[in-house]
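Participant: Going down the list, the protein sequences come from chains A and B.
Reminder that position 208 of the first sequence reads as 208 in the numbering used here, one-by-one numbering, no gaps.
Reminder that position 211 of the second sequence reads as 1211 in the numbering used here, one-by-one numbering, no gaps.
You may find that some hints are simply not true.
In silico SDA-like links for lysine to any residue, alpha-carbon gap of 20 Å or less [to be verified]: (1) B:K1033 x B:Q1284; (2) B:K1122 x B:L1005; (3) A:K306 x A:R180; (4) B:K1267 x B:Q1142; (5) B:K1033 x B:G1150; (6) B:K1033 x A:L87; (7) B:K1267 x A:N109; (8) B:K1033 x A:A296; (9) A:K278 x A:V263; (10) B:K1267 x A:K306; (11) A:K305 x B:G1091; (12) A:K305 x B:Q1096; (13) B:K1267 x A:L289; (14) A:K278 x B:M1111; (15) A:K306 x B:R1088; (16) A:K306 x B:Q1096; (17) A:K278 x B:G1093; (18) B:K1267 x A:E184; (19) B:K1033 x B:Q1121; (20) A:K306 x A:E184; (21) B:K1267 x B:Q1284; (22) A:K278 x B:S1120; (23) B:K1161 x B:Y1240; (24) A:K306 x A:A296; (25) A:K305 x B:K1267; (26) B:K1122 x B:H1060; (27) A:K306 x B:M1094.
It is worth saying that the hints were derived from the structure and are not from the lab.
Okay, here's what each chain looks like letter by letter:
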Amino acid sequence: MDALLSTGFWFLVLTFTGVNVIFVMGLNLQVGETGLLNFGHVAFMATGAYAMGLMLTHGVHVAIAIPAALLAGALLGIVLGVPTLRLRADYFAITTIAAGEILRTVILNEGDTTGGPQGLISASGPWRGFNRDVLRFAEDHFGWDLDRRVPLLVLTWAVAVVVGLFLLYVTRSPWGRVLRAVRENEEAAAAVGKAVFSYKLQALALGGAIGALAGVFFTFASTTLYPENFLPIVTFTGFAILILGGIGSYVGVTVGAVLISFVVSGTRLIDFPIDPEKVAALRFVIIGLVIMLFMAFRPQGLLGKKEELHLGP
Amino acid sequence: MHEFLQTTVNGLSSGSIYALAAIGLTLVYGILKLVNFAHGDFMTLGAYVAFAVNVSAGMHLALAIAAALAAVAATGLAFEFAVWRPMRRRGAGMLQLLLMSLGLAFVVRYMIQLEWTGASQKLHVDPFQAWHPFDLTISRIQVIVMATAGVLLTLVAVLLKTTTLGKSMRALSDNFDLAEVSGIDTGRVISVTWLLAGGLAGLAGVFAAIHQTTFDPDTGFRLLLSVFAAVILGGIGSAYGALAGGLLLGLVQEWSTIGGVIQPSYKDAVGFLILIVVLLVRPQGIFGRATRAA
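Here chain B stands alone, though its shape is the one from the complex:
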């Protein structure tokens, strides 16, 4: 029981990072039909912006987190205007956009390496401070990650549920043409989606950097496959699904180590295996509705 509770705490903290990243990835897919391979590198960018503020400039971590959110949100929007909008105007196909995002992923990742080298870095967080309620070990890092992510995920859920903007986003994700015909300013909603996707990816990147204690230019890309798994688990295109899928993936990865049957070094592989199994058994995702193939 104790092991179960401990792995649950660990799973919720890594799962909330997946959830933060997955929401943006799934909305961009749902609205623009873009499988964005650069999303992981947006996360890495967030970690390095936080590094610049927190370590290079020596400012408080909270400020670093805010800077990462703002910088990556702006980057997401900038690429929308520089790359994605012109490509959509040219009528680019889905695979063309997918391969473009792969090129963009290279550019972002290695620009980061150009600026900050490939060495692994650390933010100013004490990784050893921990509390022990009910014999469990909850580190300060896990508290920071879970508390902030919890608040933000709730805010995003409320935004999507209650505001006109959030409803428009979900409407676009559901049926782009129908949403456009009903008078939604799609250009504006797309811009906001990129701000949201970028900002959340930047945050997820900072939290991943804190959570893993060290990070390098490959950190985001290494996480991307797990984030894809979270997206698919929740049903691609569904924001709530991504949220739930992220938490569930984090939990299952941690639970898989209970009893020592599976070595912790196989945790990521367990996530990928879940991804494959879900795609084969229930391609619409655990929380998705089955729709007829287009």
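In isolation and in its complexed conformation, chain A is listed as follows:
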């Protein structure tokens, strides 16, 4: 494989890794901090991606489309949370998968609006033109000859860092302490006068907005959106990242995302002596084994704290 092509490939892999970091940070706020077992997190990503894609293809300015997409993610969190947050953890998990699948079925079947299985084409709107301008600017002013994938890579990771710092800040605030109190003991939190339900809803909505932000960057990176980009397996891979890195740890999420992305995409560069389709299957066998082995022997993951882990009765 020629070297230049492979560098470009790595930039793309790293960009999607950054998208995954943002995605799983939202999940961590819900699962790790608040103890909400959201198995339908991909629905927030799909909402962010399609909301922005549909606005951009209908001529809405990108500066309005991005915040509106985040708002759509937060709204989905509220719409989903109000009826379902009172359910037990396992029921909540199943309900959220079901909600995600309903959303995906709608996207698949309302092809006149969403493009259906043919995909939503040019969903990234003006991004390509903007990217070209950035590259030209870098060349003209600094003499840098950058790969066309570099600007998005840098931007995605910059946003991931900002999101991570923001979450670290808010979860160390009194607000974050209440979330952890809700996770550890709902009745006790309620007994000292905390509005448990409202805190859970806030965590679900904020995590949802962050999931939608991941959807925004997913759209920039992949240009065309397909319903099969948003299968439940995306959420489950997110859980693998979370479990590997350590539930509750934002640094862990980043490490987990890099490792899992390497297993999923990076190994494409290594020549295995077996058929490529078998390699693809083997990757997910490995992810499954990682989940099982960590759950059995190190449920706190690589960087999580055991005393912070709450795995239910």
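With chain A fixed as given, assemble chain B onto it according to the hints.
Facilitator: Relative to chain A, chain B alone:
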């Protein structure tokens, strides 16, 4: 009226597949408090074992069905000894077990893909042969599925109702500690439960493969959410409830298309919507009794 009868036939045949799968899922939940996300992939495994016997080895379909039942029952039991029993000894929490089953689901599904590739496959069944009593269309496939599932579901119901083993299973599902104190050999009952859950899931998988005409490594997982819906509809932990919930879900999914108000492509989504509505309105299930939250 004709449309109603036709959708009823279709619903009973898809519903009996849900029912077969749901009984095992609900018993495992009731007895072990394990929400088994690998149950759908047990179904897929059944379909592929049948494929190996029926297509690769060219043997009769009945033999393939028996092989799927035996192989997946054995797989269920093997995981009990390799994974679930050691995890229970360590005192694993409910969510820990749930996430483990998610990992196991990945392992089973992609081992299948490793062995048989991701391409869709078919069993040796003629999908076009059909009978037309009273102007209805009943395919040979539907007859095979409904007849076999009907016999097996009756057998399981009788097993649960009349045998000591069946009673012990229901007792464990109702109150594990009380059952253990009263002298039931819980280890043995758990083993039999896995055999039953695995075997029925394997059968459901073969029938799903026949019913849909083609199948691939994702088939079982795609059905799992509907099976969960059947379990919850019937009241989680209740075997009879799962049986009724499965049939009811199949019927409602098919009935929802009557009059063309809802497109058939939304059938699955209708099932998921029912799942959510039941959880919100009647979390103990349509046939379940309300109990005080623990």
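Participant: It remains to establish, for every hint, whether it holds in the given structure.
Facilitator: These are the hints, each one checked on the structure:
Taken as a hint, the K1033 of chain B and Q1284 of chain B pair is honoured in the structure, with Cα atoms around 15 Å apart against an allowance of 20 Å. A hinted pair counts as satisfied when its Cα atoms are at most 20 Å apart, and K1122 of chain B with L1005 of chain B does not qualify at roughly 28 Å. Pair hint K306 of chain A plus R180 of chain A holds up; C-alpha atoms about 14 Å apart against a cutoff of 20 Å. For the hint linking K1267 of chain B to Q1142 of chain B, the alpha-carbon distance of about 18 Å falls within 20 Å, and the restraint holds.
Restraint check: the Cα-Cα separation between K1033 of chain B and G1150 of chain B comes to about 28 Å, which exceeds 20 Å; the hinted pair is violated. A hinted pair counts as satisfied when its Cα atoms are at most 20 Å apart, and K1033 of chain B with L87 of chain A qualifies at roughly 16 Å. Restraint check for K1267 of chain B and N109 of chain A: the C-alpha separation of about 12 Å stays at or below 20 Å, so the hint holds. At roughly 17 Å between alpha-carbon atoms, K1033 of chain B and A296 of chain A fall within 20 Å of each other, so this suggested pair holds.
About 14 Å separates the Cα atoms of K278 of chain A and V263 of chain A, which keeps this hinted pair within 20 Å; it holds. Using a Cα cut-off of 20 Å, the hinted pair K1267 of chain B and K306 of chain A is violated, with the two alpha carbons roughly 43 Å apart. A threshold of 20 Å between alpha carbons decides the hint, and for K305 of chain A with G1091 of chain B the separation of about 19 Å falls inside it, so the pair holds. Distance hint between K305 of chain A and Q1096 of chain B is fulfilled; the C-alpha atoms sit about 15 Å from each other, no more than 20 Å.
As the CA atoms of K1267 of chain B and L289 of chain A are separated by approximately 34 Å, the hinted pair breaks the 20 Å bound. This hinted pair checks out: K278 of chain A and M1111 of chain B have alpha carbons roughly 9 Å apart, not beyond 20 Å. Distance restraint check for K306 of chain A and R1088 of chain B: the Cα-Cα separation of roughly 19 Å lies within the 20 Å cut-off, and the hinted pair is therefore satisfied. Using a Cα cut-off of 20 Å, the hinted pair K306 of chain A and Q1096 of chain B holds, with the two alpha carbons roughly 13 Å apart.
Distance hint between K278 of chain A and G1093 of chain B is unfulfilled; the C-alpha atoms sit about 34 Å from each other, more than 20 Å. Taken as a hint, the K1267 of chain B and E184 of chain A pair is broken in the structure, with Cα atoms around 39 Å apart against an allowance of 20 Å. Restraint check for K1033 of chain B and Q1121 of chain B: the C-alpha separation of about 34 Å exceeds 20 Å, so the hint is violated. Under the criterion of a C-alpha separation no larger than 20 Å, the hint pairing K306 of chain A with E184 of chain A is consistent with the structure, at around 13 Å.
Note on K1267 of chain B and Q1284 of chain B: the hinted pairing is violated, with a Cα-Cα distance of about 24 Å set against a maximum of 20 Å. Taking the CA atoms of K278 of chain A and S1120 of chain B, the gap is about 15 Å. The hint holds against a cut of 20 Å. The hinted pair formed by K1161 of chain B and Y1240 of chain B meets the criterion: a straight-line CA distance of about 10 Å does not exceed 20 Å. Distance hint between K306 of chain A and A296 of chain A is fulfilled; the C-alpha atoms sit about 13 Å from each other, no more than 20 Å.
For a cut-off of 20 Å, the pair hint linking K305 of chain A to K1267 of chain B is broken: about 44 Å separates their Cα positions. For the hint pairing K1122 of chain B with H1060 of chain B, the CA-to-CA distance comes to about 14 Å; that is within 20 Å, so the pair holds. Distance restraint check for K306 of chain A and M1094 of chain B: the Cα-Cα separation of roughly 16 Å lies within the 20 Å cut-off, and the hinted pair is therefore satisfied.
Hint compliance for this structure: hints 2, 5, 10, 13, 17, 18, 19, 21 and 25 are not met, and every other hint is.
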